[in-house]
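First to last, the sequence lines map onto chains A and B.
The first sequence finishes on residue 716 if you use the working numbering, and the numbering steps up by one all the way, no holes.
The second sequence finishes on residue 299 if you use the working numbering, and the numbering steps up by one all the way, no holes.
In case anyone wonders, no lab produced these hints; they're calculated from the structure.
Note that CB positions come from ideal geometry on N, CA and C, so glycine has one too.
One or more of the hints may lead you astray.
Computed list of lysine-lysine pairs in DSS-like fashion (alpha-carbon distance at most 25 Å, straight line) [unchecked claim]: (1) A:K157 with B:K187; (2) B:K99 with A:K440; (3) B:K99 with A:K157; (4) A:K53 with A:K65; (5) B:K103 with A:K157.
Label-pair distances were calculated between CB atoms; the ranges are [as the list claims (entries may be wrong)]: (6) A:S52 with B:T18: 36 to 44 Å; (7) B:E25 with A:P379: 56 to 64 Å; (8) A:H614 with B:D97: 52 to 60 Å.
Letter by letter, the chains look like this.
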Amino acid sequence: TQNMSPRVLQLLAESFSIKGACLESKGPSTTSKFKVAEQEKQVLKCYDMAGDLALLYIQEREKMAQNNSSGDEEIDILTENAIKQSPLLYIKMGNIKQGVGRFRELLRVVESRFTQSLRQALARQLAEVLIRGMCEKTYIPIETYHSDSNNLPRPQPRKYSGDNLFVPRELHEEALLLLLVAEAIATREAVLNRSVEHQEDRHISYENTTAVYDLLAITLVRCTQFLKLCDSFEKAMRFSFEEFHIWHQFANALVCAGKYSRALHVLKECSRLKPRNTVVLLQAAKLCFECLHLYNDGINLVQQAIDSCSDNHPLMSRLCVAMGIGYSLKAQSTKLQGERYSLHKKALDTFKRAYELDPNDHLALFHLALQLAIQRQISEAVRCVKISLRHKNDYVHSLHLLVLLMTSEKKYEEGMTLIKAALQEYPDNLSLMLTRTKLEEVLLGPEYALNTCRRMLELWKELYETDVDDTSSERKYRTLTSNDRSTFDRRSFAQLQLNELNDRDTGSLRAESVAASRVEQTLSEVASSAGSILHSRRGCQETWLLQAQIWLHLAELYLSLDKMTEAEGCVQETSSIFPLSHHVAFMKGRVFEHKHKYEEAKSCYENALSINPAHTKSLQHLGIVLHEQGNNKMAEKVLREAVNVDPTSHQSWFRLGLVLESLGQSEAASECHMTSLGLESTSPIVPFSVIPHMLQ
Amino acid sequence: MTLPKTVREWLAEFKSLPDNEVHSYASTVRQNEELTTNLYCLFESLPQAEVLDPVCHQLFEFYRSKESELKTFSRELIPVVIWTYLSALSTSGKKSVRGLEAFLLGVYNLETTLPDGKPNVKTFRIPTFSQPSIYHEPSSISSISLTESALSRLDRREAEEWCSGPLPQYEAITGQNRQAILSTVLQTFTTEIAELTTQSHHWFCKSCSRIATTGFLSLGDIQSQEETAFSLSDSPEPRRRHSQYGDLPPRLAVSPSLIIEMLSGLYYVTFNSQPHLGLKAIYDLHYRASYELYADVLLVTSAMTNSLQTVVSSSRDS
């Protein structure tokens, strides 16, 4: 039987498939269980035979077709059906092991140009069997060399062979490999012709391809391979014109991979396809507020969603929360006093409405409390944050806010007790820890706070050094791909912490600060990698920026202890990580100011302000330095700017008062001092703005 | 509230069991359906801590026993324990859940190390298209058109290693590590889901649905308020609990990683033993993820609901 001509092979294959099909459709003649099983076995034997012969025929034909190309080398529909049916029949009979084995045998056959769609179907089906019907424990490993022994009584088509073949060893490996093969064929064979006569074909091809992409999403998300997923969806866009499902999946993959501005564009396209889909609009707005700082765009998106929703929509309350966040963020980035006031009021009203719509949502209550706190309605804020904690008793931002509210009521001891409890629940939260060092500084003195700071550095090492180790080896793709869920979660956590800490002493979320920190980050990356190519820093940038923030805080503590060399050392450490930051320039200025080197201090502060014109602390200190130098006119101008940037800072008002006094404007000066006193009485130990406006 | 009789007997019987009978006891205890039903119902009724503590203690004894059947007995209860734990935690705080917490933490810490004492590290390779495999030859499927992605496919790379672990050991569950611990514990359930009983699948679906929907009135309306895209005849009914605002219990915190773990189990269960409850749970989690805007969960739930729709529509055709 070895040298049968292709024609004979084809005929034989067809006859076997017809025989099998006849037997199958005839059904069992008796009800005897034994007989039924017997007949099923016979059907399968025919199908298996037909399949092997047909695949061999195709391989032979392809060999010949290289000389004379004649079309028509296709497997007829009955035989194709026989090939597709046989593994499924095994499984239907309850014999999963044989079914999977048959699938694998068929897939290992060297493919030809004419069997690709068959192959795609088989690969997808086996992947489905693996993902839907098995778990890691029940996975059946591949037996590689079993079928190589040509003991079977029939001619076998050629199979893939070689030394360096990838052989899956467990469930995820095999499922991913199958999906990879299916995806490659699917994106290649996709029907792109959009004319009417191809509509049916295109629909079927789209359905088949989507099925592959769905399985791919299910598998890749489990192992947090978001970049891979983005690449795949990118390829899918070619045939997904106007298909909401694929577009939305693409957007989600981009969000997970951290490609926010692209994600926003894709989400907007999704929203065009389904204008009434609230989730898409809310996702887009969240990106605008939390990642891209496009407050106006975000507000417009939420407005669009609110307009199309009725009041009893389950997302209505969250929409209002998002809207409030938008107003509040915009208010903090607005320069005009009147506009800022009306935006704050709008934000407060919107949060109140969110709370009315859904009184059980801790997030609505939390944001209401935060907004009240920002507007210094302290007792009302305390009431709201306490109710919020009743709905979610361990929400970290509510706990932090409550601590700050206690400090603004000057209940430092109670604040300390609470923050200790909060830190027991969230021992790795650096933002909480920084607040704790401030409290310790007030209650127990800077020495004590120093210890906490050192512990923060240790903690940083513990948390992120593994991360650094992980990526140090020179494997380019490793950094991007091989992280499990916990590494992924840890990295997003670092990102979150960084956002919190970065805004921490700016006291405002102005566009300038945001732009500044973005520019700084890029420039620092360039500078640090250009300076030392050999020692370019390992690990992801965020974790290093976190470390820089801790150093800066430490420097400040040393200054208050009059330990100049230590403080300088800290600033040095920071600038080696993050050389072009306004934070570094500011701290350098502080050191000079402490040494009474006002001229140098002044130029440092000016540097800081040229990077970030809205850095309140630099403005305050520049004002003081100018005042010390006797340049009161200039000092007044700078401090007025400080007051304008952040009108809630009592230090700015106090200093402005001092300067005005020296200028002889005693009436204006006393007004400033009054304002300062009034603000001071409700002022928290660190600004309320350290608490982020987040939708989760 | 007191323990049901069968549960009390179960507690007493195992304590007085001589060592040489443990093996035969282990092979029968999972078949005792009256006992397991009672245990599920017990956890569901959210009893007082003092009632639950001895039960949790014994479950942990089972879990760390050398008898694999005893271990599986405990494992089958994990989803309902997680639900009870989250629920009790949200209503009455940490003090009321000590027993449950001890069980979950114990299981977690056992999972961090292998029986031989080495840290438990899971790895597998992520295949790449450019490396030939037993199922394909890179050059034969490569695209006709010369595009960047087509070229990158030929960029020869070895399969990358995906690796998870080693996991840190913990002394206590805190707000920070809670969700990570719970998803690891649930993983012990889902990786062996095909070998667990239909009854445990049933309670698994119920627990997932409850974790997703507790404290919400009508999350399902998120979808129905859009233009009706596709309606399944057997899709879950829009739920409405007729309670007044304010009467609702607190919502349960659930992280994306925990939901994704649930979903991988639910997908199996939906196809193999609990089509209706499984589908309902997947939809519940989908709505919850839509509410929380969890992009990674939405990827999975949209993929699952979409693929299930194709299954349903194609099975209808034939």
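Verification of the hints:
Proposed proximity of K157 (chain A) and K187 (chain B) is supported: the alpha carbons are some 23 Å apart, at most 25 Å. In summary, the hint linking K99 (chain B) to K440 (chain A) is not supported, as the alpha carbons are separated by about 35 Å, beyond the 25 Å threshold. For the proposed pair K99 (chain B) and K157 (chain A), the alpha carbon gap of about 20 Å is at most 25 Å, so the pair holds. The hinted pair formed by K53 (chain A) and K65 (chain A) meets the criterion: a straight-line CA distance of about 18 Å does not exceed 25 Å.
Of the supplied pair hints, the one linking K103 (chain B) and K157 (chain A) holds, its CA atoms being roughly 13 Å apart against a limit of 25 Å. Between S52 (chain A) and T18 (chain B) the Cβ separation comes to about 38 Å, which falls inside the hinted range of 36 to 44 Å. Between E25 (chain B) and P379 (chain A) the Cβ separation comes to about 27 Å, which falls outside the hinted range of 56 to 64 Å. About 58 Å separates the C-beta atoms of H614 (chain A) and D97 (chain B), a value consistent with the hinted range of 52 to 60 Å.
In summary, the numbered hints that this structure violates are 2 and 7.
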